[in-house]
Every structure is written in C-alpha cells, then in structure tokens.
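Protein chains: 2
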Amino acid sequence: MSQVFKGFIHVYTGNGKGKTTAALGLTLRALGAGFKVFFGQFLKSGEYSEIKALKTFAPRVEIAQFGRGCFVRGKPSPEDYRLAQEGWSLAKEKILSGNFQLVVLDEFNLALHFGLIPLDEAVEFLARKPLPSELVLTGRYAPPALIEVADLVTEMREIKHYYHSGLKARKGIEK
Amino acid sequence: MSQVFKGFIHVYTGNGKGKTTAALGLTLRALGAGFKVFFGQFLKSGEYSEIKALKTFAPRVEIAQFGRGCFVRGKPSPEDYRLAQEGWSLAKEKILSGNFQLVVLDEFNLALHFGLIPLDEAVEFLARKPLPSELVLTGRYAPPALIEVADLVTEMREIKHYYHSGLKARKGIEK
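Those protein sequences? They're chains A and B, same order as listed. Numbering-wise (my numbering), the first sequence opens with residue 20 and increments by one. Numbering-wise (my numbering), the second sequence opens with residue 20 and increments by one.
Since the hints were derived computationally from the structure, they do not count as laboratory data. Mixed in with the good hints there might be a few duds.
Identical chains share a label here; the pair holds if one copy fits it or two copies do between them.
[Stated by the list, open to error] Pairs of lysine to aspartate or glutamate, DMTMM-like flavour, derived with a Cα cap of 25 Å:
(1) Lys55 to Glu66
(2) Lys148 to Glu98
(3) Lys187 to Asp139
(4) Lys71 to Asp139
(5) Lys190 to Glu81
(6) Lys179 to Glu98
(7) Lys179 to Glu81
(8) Lys179 to Asp139
(9) Lys179 to Glu105
(10) Lys71 to Glu140
(11) Lys194 to Glu81
(12) Lys71 to Glu81
(13) Lys190 to Asp170
(14) Lys71 to Glu143
(15) Lys187 to Glu98
(16) Lys74 to Glu193
(17) Lys63 to Glu112
(18) Lys187 to Glu177
(19) Lys94 to Asp170
(20) Lys194 to Asp170
(21) Lys74 to Glu105
(22) Lys187 to Glu112
(23) Lys190 to Glu105
Values in this document were obtained by computation on a predicted structure and should not be read as measured data.
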C-alpha cells in the first residue's frame, strides 16, 4: 500500500461545475478500493446530499466541516479565520497520521485565496513530499504557489451553465 | 419532483482528470438525496473500485457497461459498434422511462467521437427537451453539436498530470 501511495497532490480549480463532485467521485472510488478517507470542507457547513451519502461508508470515511454554512462574501470575519485555521490544523494532523489513504480538502483553494489559511505556511507543508496520504484540494482561484507544488492540476472551465438562466441550486444535483 | 427536474444535460469533456469522477460525485449526491440513478459506461468494462462502491446503493443505482474492457484504439471493431449501439438503445429506454432522476453516460462523448453512436440521431434525441432525467455525459472530444444541445458544459483542462512521469493507473485513485 505504501508503495502504491506516493502521496500525490491533486488540485481541481477553475470556474466550472465539477470540482467538488470530482473530489466526491475520487472519494467514492477510494472507498470502493477499501481505503480510508478524510473528507474536510472549508467554508461549508450543513447536511448536503453528498454528505448524507458519504456517511453510508462510515467509519471508513471521516467528515468534518470548517465553515459557517455560507461562502465568505467580501471581508471574512474573525470567525471565518478561526474556523479555517482550526480546520487546517486538523487536516494536517489527519494527513500526517497515516491513517487515511486519501484526504480531501474541499474549498481549500478558496480558503487560501481569501487568506483564511496562510499561503506560505500551507505551501511549505505541502512541499514536504511524499505525504502519507493522497491529497485532493478543490476550489476556485487556486494560487500559483499551490499549483506549483501540486502534482496534478485540472482547471474546470465553464463553457456553458444553466445558472445563467436564473436557476437556483437543486437538491440532489447541486447540493 | 418533476418540477425540480427539468432534465438538464451536462457535458464534462476535455483532456484533464476529473470527468468520470465528477459524474461519480453527482451520482453520489443524487443518491444522498434519495434519487434513483442509471449509471452506464461506454467503452469500459470491469469491476472498477467506483463500481464496487456504487453497488452499495443498489437497487437505487442501476449499472451497465457497454464496452470490451479497453479503450478503442485506432479503428473500432464491429463488436465495439454493436456494444455501443446496444448501450445507447438501453440508455434511451432508461432516460424515457421516467424511473431515474439522474442518468449518467460515462464516455458517451468519446463513443460519439469515434462514430460508435450516430451523432445526428443522438443530438436529435437529446434536443427533445425536457427529458424526464437529468443527464450527465462524460468523455473527451465532445462534438460541437453535442455541446450545442447541452445546458451545462465544463471543460476539464489538464494543467499538470503525474501520468507524464510514467506512473500507471493506481487502484482506488484512477481505477
């Protein structure tokens, strides 16, 4: 197992739909292979449909949310900083524990972009490769220094989106 | 339910990692919402880790594979055509049945690209909107006529990939 897992760092970024869902798909695949997964979400909170479905696989999947249930708009509050930094501390612990073959940090890129997690410190941590877990980082606006340290980067580019016709997020499809 | 589902067509294409996994993530989310899902795979066959994990949700998820277990290289064989066309007939049946809130057709775009499914006929079928299922179509080389008829299109662009360092697909991560 330790030979298979070189602790690659994946980054899914861009303005298109599919970043969080790709991380969920990777989680499902890892669970199908019998692996243990830590699934952490920055900036989010709440029992989304995907969280409900992931819980089916407990205790092989551990879920944690480090957000206030809404995206930070404008200037983040002290509470946003506190939650994100606590989340990042926990995430590092989980990565280094060696207990998880896969660690997903959903919206991590956005947390870095907003400065909720110090970029220099995060990049320094991630550069200590190989990490004991495969790491999947999602969210818009992945900073260049993060892309530099990653092994795999996909940009999800929006070509078309029905949101522009005014449709709201629908249960089971967007949330 | 029928009001929520307008039968949007999603296309995930491009050369980056994340297309099939995004479709898997959408499947997981839909299952978490209590929906029924048909998950069909063109050009693929075999018990991948994700298929194993999806089976946890049977009978709410129905899985079918329409491939020979390897990607078509060069000229498709008569068997590739037969399997793809049988798959497409079954997929249309499942979409029109109204029994599934979500229908995923993995590698459908590639099957169109290779001419395994007639493009004109497929686009004509898909243009009969709204369909009774949300439809997710993945694979490289989505033809322009498919993009035209879709409601949501994301291009997964490869920025970096560790495959280029010669690494093979790993169980639980790529397969």
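Q: Report the numbers of all earlier hints that the structure fails to satisfy, in ascending order.
A: Hint check: 2, 3, 4, 6, 7, 9, 10, 14, 15, 19, 22 and 23 fail, others pass.
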